[in-house]
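From first to last, the protein sequence lines stand for chains G and A. Residue 1 is where the first sequence starts when you use my numbering, and the numbers rise one by one after that. Residue 252 is where the second sequence starts when you use my numbering, and the numbers rise one by one after that.
What the hints contain is simulated information worked out from the structure, not anything from laboratory work. The reader is advised that the hints may include incorrect statements.
[As the list claims (entries may be wrong)] Facing chain A, from chain G, some residues (calculated, C-beta under 8 Å):
{"no.": "1", "residue": "Asn-126"}
{"no.": "2", "residue": "Leu-153"}
{"no.": "3", "residue": "Lys-156"}
{"no.": "4", "residue": "Thr-158"}
{"no.": "5", "residue": "Ile-232"}
Note that beta-carbon positions come from the ideal geometry of N, C-alpha and C, so glycine has one too.
These are the residues of each chain, in order.
There are 2 protein chains.
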Amino acid sequence: MAHRFFRTAKATDIVEKLVTKLVYEHAIIEEGDRILIAVSGGKDSTILAWALSKIRPTLKRNYTLTAIHISSDFCACCKKSALEQRLNAWDIPFVDRFVPIIGRLKTGKSMNCYWCSTQRRLELLNYATEHHFNKLALGHHLDDIIETFFMNLTIKGTFSTMALSMPYRNYPVRIIRPLAYLEEQQIIACAAEQHILNNMCTCPYGMRSERRVMRARIANFTHNSSAVKRHILHALLNSPVFAGNNKESQG
Amino acid sequence: MAHRFFRTAKATDIVEKLVTKLVYEHAIIEEGDRILIAVSGGKDSTILAWALSKIRPTLKRNYTLTAIHISSDFCACCKKSALEQRLNAWDIPFVDRFVPIIGRLKTGKSMNCYWCSTQRRLELLNYATEHHFNKLALGHHLDDIIETFFMNLTIKGTFSTMALSMPYRNYPVRIIRPLAYLEEQQIIACAAEQHILNNMCTCPYGMRSERRVMRARIANFTHNSSAVKRHILHALLNSPVFAGNNKESQG
Chain G
1 MAHRFFRTAK ATDIVEKLVT KLVYEHAIIE EGDRILIAVS GGKDSTILAW
51 ALSKIRPTLK RNYTLTAIHI SSDFCACCKK SALEQRLNAW DIPFVDRFVP
101 IIGRLKTGKS MNCYWCSTQR RLELLNYATE HHFNKLALGH HLDDIIETFF
151 MNLTIKGTFS TMALSMPYRN YPVRIIRPLA YLEEQQIIAC AAEQHILNNM
201 CTCPYGMRSE RRVMRARIAN FTHNSSAVKR HILHALLNSP VFAGNNKESQ
251 G
Chain A
252 MAHRFFRTAK ATDIVEKLVT KLVYEHAIIE EGDRILIAVS GGKDSTILAW
302 ALSKIRPTLK RNYTLTAIHI SSDFCACCKK SALEQRLNAW DIPFVDRFVP
352 IIGRLKTGKS MNCYWCSTQR RLELLNYATE HHFNKLALGH HLDDIIETFF
402 MNLTIKGTFS TMALSMPYRN YPVRIIRPLA YLEEQQIIAC AAEQHILNNM
452 CTCPYGMRSE RRVMRARIAN FTHNSSAVKR HILHALLNSP VFAGNNKESQ
502 G
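Bound-form chain G, shown alone (with noise of 0.2 Å):
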């Protein structure tokens, strides 16, 4: 895509455009795909949801989507009901499920992301099983992708990172990722085109502290340059570490 376009679209265009790229070279959206996504709230699986609706026309193929939020016993910021609103006007009917995060946490144990994001997860793949979607869309963008992938090789010693599609060895649902190839800030540009940046849930818990360090020392290294995030994608796009499509989770 020309660099002229990045520099003067607008950022609904740019994140329509990238979205449609990646489902294109990845196909990643199949004919006759029933598609769940999760969302949080936020701003990326809720672009997210925005994109997949509105590139339907264009992509010229059946598919369905139906949004599932997570609710919890810890969580009572978001503003569901914009959230909803937001989705049907989008034609995405909205699913809420209760998920008792803290109440499943044995005694003893103390709260934590690791914990809440694997009972969400199992959540949302339950759920997708029992209602039949074969696909469950996250929000995930670039960065998420970099950043795991510095984790995992300077604090496990692994080249591994969240993969743009794969399937699960227990669950007949595969993920896939349509914010691969859009960065943060394009994902927030966008969302505040659509003047919706500041009606956002975010979680009370925060940013983990050591993803939070991971991200700084990021921006640093890269000087915030796209040209690098998308030399580092470029790498991961061409080698097995982030094909994913041959790795399957246990999940």
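Start from chain G and add chain A according to the hints.
Coordinates of chain A only, in the frame set by chain G:
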């Protein structure tokens, strides 16, 4: 190897242990090898020559060592006689070969690091082939390997770096890098312990500025942590990125 060893041992012992460990784990030195060591006169290749000579009794393998120095028409600073004396003390014959690096430049072309390193490498490979050496040992260390990895990742968008051991398609010679487990600071400490640090040759062109920038960024990104560097090495060793053994160079 115990962390206590690294905290308390002398640098010379650390270098000896880590070179031995690498040679055993990756079988880069075999019975009957005729090894040509490329010595620039700098700290890395000098310590490489010292280490390969020092570990010979421990390895219990018969191999010969010869050191070759490429003299050129742009660098007269090298303390060749001191280098030769050291190598002789370590029982390593010394060969000096002159290459007109600037003299080989085509009209209108200016001197640069890529040209110089290509001319040197060709000379080394030709000499090794003519004199029936089957291994060419180079003094690249862990920091060089990580630096090259990050430069290739962020500038070229590929996962690749210097291999531990690599055959050539057009020469019956295999390149080996016995210092790959060592950080530069460990090599500097080893050279200091042997009182040879202040009598070294350095290239008058200095380090390429892009390498210098990358080195500073990596130091910041890893917080100069040995643990982080070793995690990156672990990932490299367990991935095709670094395998090299199966990847031939046309050089």
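Cross-check of the supplied hints:
1. The restraint placing Asn-126(G) at the interface with chain A is violated, with a minimum CB-CB distance near 33 Å, outside the 8 Å limit.
2. Because the beta carbon of Leu-153(G) sits about 5 Å from the nearest beta carbon in chain A, less than 8 Å, this interface hint is met.
3. Annotation: Lys-156(G) was flagged as interfacial toward chain A, and the flag holds, the nearest CB pair being 7 Å apart, inside 8 Å.
4. Here the hint on Thr-158(G) is kept, as its CB sits about 5 Å from the closest CB of chain A, short of 8 Å.
5. Because the smallest distance between the Cβ of Ile-232(G) and any Cβ of chain A comes to about 6 Å, under 8 Å, the interface hint for this residue holds.
In terms of the numbered hints stated before, the structure departs from hint 1 and from no other.
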